[in-house]
Amino acid sequence: MKNFIISQAPHIHSDNTTRKLMRDVIIALLPAALVSVYFMGFPVLYMILISIGSAVLFEYLIKKFVMKTKPTVNDLSAVVTGLLLGLNLPPATPLWVVIIGSFVAIAIAKMTFGGLGQNIWNPALVGRVFLLISFPVFLTNWSYDIPSWISSVDAFSGATPLGLIKEGLAGGSSVQDLIAANPQLSNSQMFLAKSGGSAGEVSAIALILGFIYLLIRKVIKPHITLSILVTVFVFSGIFWLSDPTQYMDPIFNLLSGGLLLGSIFMATDYVTSPMNPKAQIVYGVGIGVLTVLIRLFGSYPEGVSFAILIMNSIVPLLNKYMKPKRFGRVK
Amino acid sequence: MINIIIYTVVTLSVLGLLLALVLFLIARKFKVEEDPRIDQIEAIMPGANCGGCGFAGCRAFSENVVKATSLDGFFCPVGGNEVMKKVAATMGYAVEENVPKIAVVRCNGTCEARPKTSVYDGISSCKVIKTLYQGDTGCKYGCFGQGDCVEACVFNALKMNTETGLPEVNEDNCVACGACVKACPQGIIELRNKGMKNRRVYVACMNQDKGGVARKACANACIGCKKCEQVCPFDAIKVENFLSYIDYDKCRLCRKCVDVCPTGAILTDNFPLKKKLEINHAEVNPIGVNHAEVKSIAIKQESKKMEA
Amino acid sequence: MKTFRMGGVHPHDDKISKNATIEIFPPLDKAYISMSQHIGAPAKPIVKVGDYVKVGQLIGEKAGFISANIHSSVSGTVTAIKPYADLAGKMVNTIFIDVEGDEWEEKIDRSPELAKEIRFNKEEIIKRIEECGIVGMGGASFPTNVKLSPPPGKIAEFLIINGVECEPYLTSDYRMMMEYPDEILVGASILMKALDVKKGFIAIEENKREAIELLKSKQEDYPGIKIVPLKKKYPQGGEKQLIDAVVGRQVPSKGLPIDAGAVVQNCATAFAVYEAVQKHKPLFEGVITITGLHAPAQKNYKLRVGTPLEKVAEYAGGIPDSVAKLISGGPMMGKAIFNMSAASVKSSSSILMFTKEETIRKEESNCIRCGKCIEACPMGLEPYMLYKLAKTKDYDQLEKDLVYDCIECGCCLYTCPANIPLLDLIRVAKSDVMGIIKSRPKK
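Chains as they are written, first to last, in the working numbering: chain P, 1 to 331; chain W, 1001 to 1308; chain Z, 2001 to 2443.
Check before you lean on any hint, since a few could be wrong.
[To be verified] With a cut-off of at most 27 Å between alpha-carbon atoms, the simulated BS3-like pairs for lysine-lysine come out as follows: (1) Z:LYS2122 - W:LYS1140; (2) Z:LYS2430 - W:LYS1140; (3) Z:LYS2232 - W:LYS1130; (4) P:LYS70 - Z:LYS2335; (5) Z:LYS2082 - Z:LYS2044; (6) W:LYS1029 - W:LYS1085; (7) Z:LYS2030 - Z:LYS2002.
[Claimed, not checked] Stretch-level coverage of chain P by chain Z, calculated; a stretch enters the list once three of its residues show a Cβ under 8 Å from a Cβ in chain Z: (8) 17–28; (9) 116–126.
To be clear, the hints were calculated from the coordinates, so they are not data collected in a lab.
In this text, a Cβ means the ideal position worked out from N, Cα and C, and glycines have one as well.
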């Protein structure tokens, strides 16, 4: 009599795997990565590759020699972290700085908590913020050598749009003056990728394409991203309506900074975002509000990274108190 | 400049003193009056908080002892008789000496002796297998080998032997708290007397099927032939439902039963190797196994137990 | 198209045996009729060794309120009444019969004509159903007469016939609807009369279009019955999900379908009710599907209870060497068969053949908190949290998180990308928590 396999039901499994989900995220990020390499040149490519490679290496080494368990780099989560970190940094960041950032992201923000699924804060953002605080000069230097095939020019050296606005407003000019002086601040320019910023910020279209891909592949649901974007739009819109000379319009706020990259790829990271739909909306609203506040009243021009990290801290609380709708419970 | 330092030091010191005073007053006001003996007994307890005494930790044990009128029913398996004597002295009660016990795994269905009849695929939990079916061998009373007992032990006294598929007790660490007994869904583990010189004799089988069925499922099974019951000079062995059981209070460790058992279902712990023992095994074994093989397996078993 | 509101997954439906018309299984030479073919107390044998029994004769009497009668499926001599292993290896009391010929009880009407007129009243219908030992044929085997007698204070408003068959591979219900549509409709009318309801629905998943068309073409002849096509989603066939989809009501937590005014019966049960009430035929037969991508043939057999499963597999072409797992029931909620010499029971619906690659569990990895299990759970629970609590045995919090509402459908384990054995542990925790709740002193 043959030995049959006995197990509990269910006896079949979908073909979802962690690796497939991570692979879809990488594919969704490819348009933005390719656009940034096209506009900013090979340094960005090297930066991204080093970031990914060092992230994978650190995870492998730590899992094998420090945690003494089987290395799980196959699940591609370190690749995603490395890619996101690379896309979050200015294009001329020295490679040794990138490696340090990658180390902080993987070893400190992910492995010390126990590995995949156990960390509280988004590893790529922790890496970026660590670099921002430790190496402020490198991380706020947005100029780089323009690749020779780009002729459209002077749009690329200098500060990011948000940086320009912050400094300009502090210097006393009004919003209209600044837009007249700097053509890259127009919304159409930013949508199409002709303004400065970190490698991943440059093209709104590419990022939105990635978002649509993730939605189609059912990797993420739209709740978090849409609640962040709507909140930012509404909240910054209120300020703009109150004084259009001191505040940029809501569309500018949506397109500038790392908001699109953050809301589509960083805030929706599975491990650090809430799991229940209601909690996800509250999370998104919180990130939106904090982003606008930091941008308008904080000393940093860009607020998405900090906003996401702050909201990551209260995710366990959100998960605990905002449970999903139960079947058969009368409200 | 110096003024600032003086001001700072003075302010902080005063603040610190004030707060310390507040804490002191609060601690005095809200102090819970407790029998001081609870603290005394808790200090004697080993502090393992294992629950082996039946209470929720060492403090709960102390509280209940102070409430009780005698030490009947109270025993700390980790601290043993030493600790109980000290507790008795503190409370002024009498205490009986408990015979030291140890956990014994009463199954010898190794991977070699007990062939698999199915492949179990799923979560590694004995409890789950028990709810699903009879286990992946022909014996539905035997050890499932997934290690619920190992997980339950907080004293690191159980280890799963990957070759045999059975758990092994570390005699130095086991305090007979009973956690593994509760964790085993098959009821295989028993707390038995540690025995003189740490030696024990026990039937390593739980199979209540008829002899032929049991033997087919496992080469080390007890077939209920009653030879052990007949030969025991101290009336310590009873065979019921085709399964033999040795009463550990009556057993005198003479090992006459071990010699007559045809399947080798009765195991011994910590006895010195006896060459004569192995030869008897092979002679009496009805299946006609290779003598050298049986001898070497028996020697391996004995020496493993000595090392454990 | 209607469907239930929460959760659900979409396994491939693989209805490869849907065109296998029902064949009558050849006569047996030995039958092993179990006394535990239903939920509740096993039946008590009322025959002795050496007795001659006829097909349809009562051989086991119901023992208690929640129990059912058992009738012989063969004619012959009783050779033994003793424990015999069921498909999980558990010993159940069984009557062994050596088959002689095929002599039926005289009272059974064997004519094939459709008997449409319902001559009995409500009480007589329920009594006849009880007498004929009808139990739920959807897998749960709950005694039907108990379901048709709601406790005082609870009133039934609708009858829902479950023709959904949401589990992949199974097609016995589909074949019954294609080959006995009128009988099922009459059976549904009988059930409506027994429950005193005016509205009856027959719910069928959209992947069985032919059955939907066929039954729709006949529904005018049966007043009060409406055919409801439903979207293909697992577990559409679960009672609570079915009621939510068809009438839009959610059965309250810890409640039964009758609390939402609905009674759900499988379509094969409706067929058995027709045969019992109109033809006085007790329940001793059912349709079993032999299927699987590597099965030698796709078959649907009309099988008498008491047939050893290995005989069924052999007659269907044997078990190929590549097949490593056999399942009784569907792949999402069925039981893996350990003992093939076990005999079929009333609710035996299938033997699925799976190779190792199709069914082996993949390696478990860390939970990535993706929330797919929460999206998939049709009861709105949080499987990842229940799993964690089950691991740490936090029974208080498990109860607060409604682990007892789990319908054990398997959607969470099916969809988890990290291959975590969620349902395995939640199931055990659920039974522990329900044990704790039951053992509390009643207020």
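Cross-check of the supplied hints:
no.	hint	in the structure
1	Z:LYS2122 - W:LYS1140	violated (48 Å)
2	Z:LYS2430 - W:LYS1140	holds (24 Å)
3	Z:LYS2232 - W:LYS1130	violated (35 Å)
4	P:LYS70 - Z:LYS2335	violated (33 Å)
5	Z:LYS2082 - Z:LYS2044	holds (12 Å)
6	W:LYS1029 - W:LYS1085	violated (36 Å)
7	Z:LYS2030 - Z:LYS2002	violated (47 Å)
8	17–28	holds (count 4)
9	116–126	holds (count 3)
In summary, the numbered hints that this structure violates are 1, 3, 4, 6, 7.
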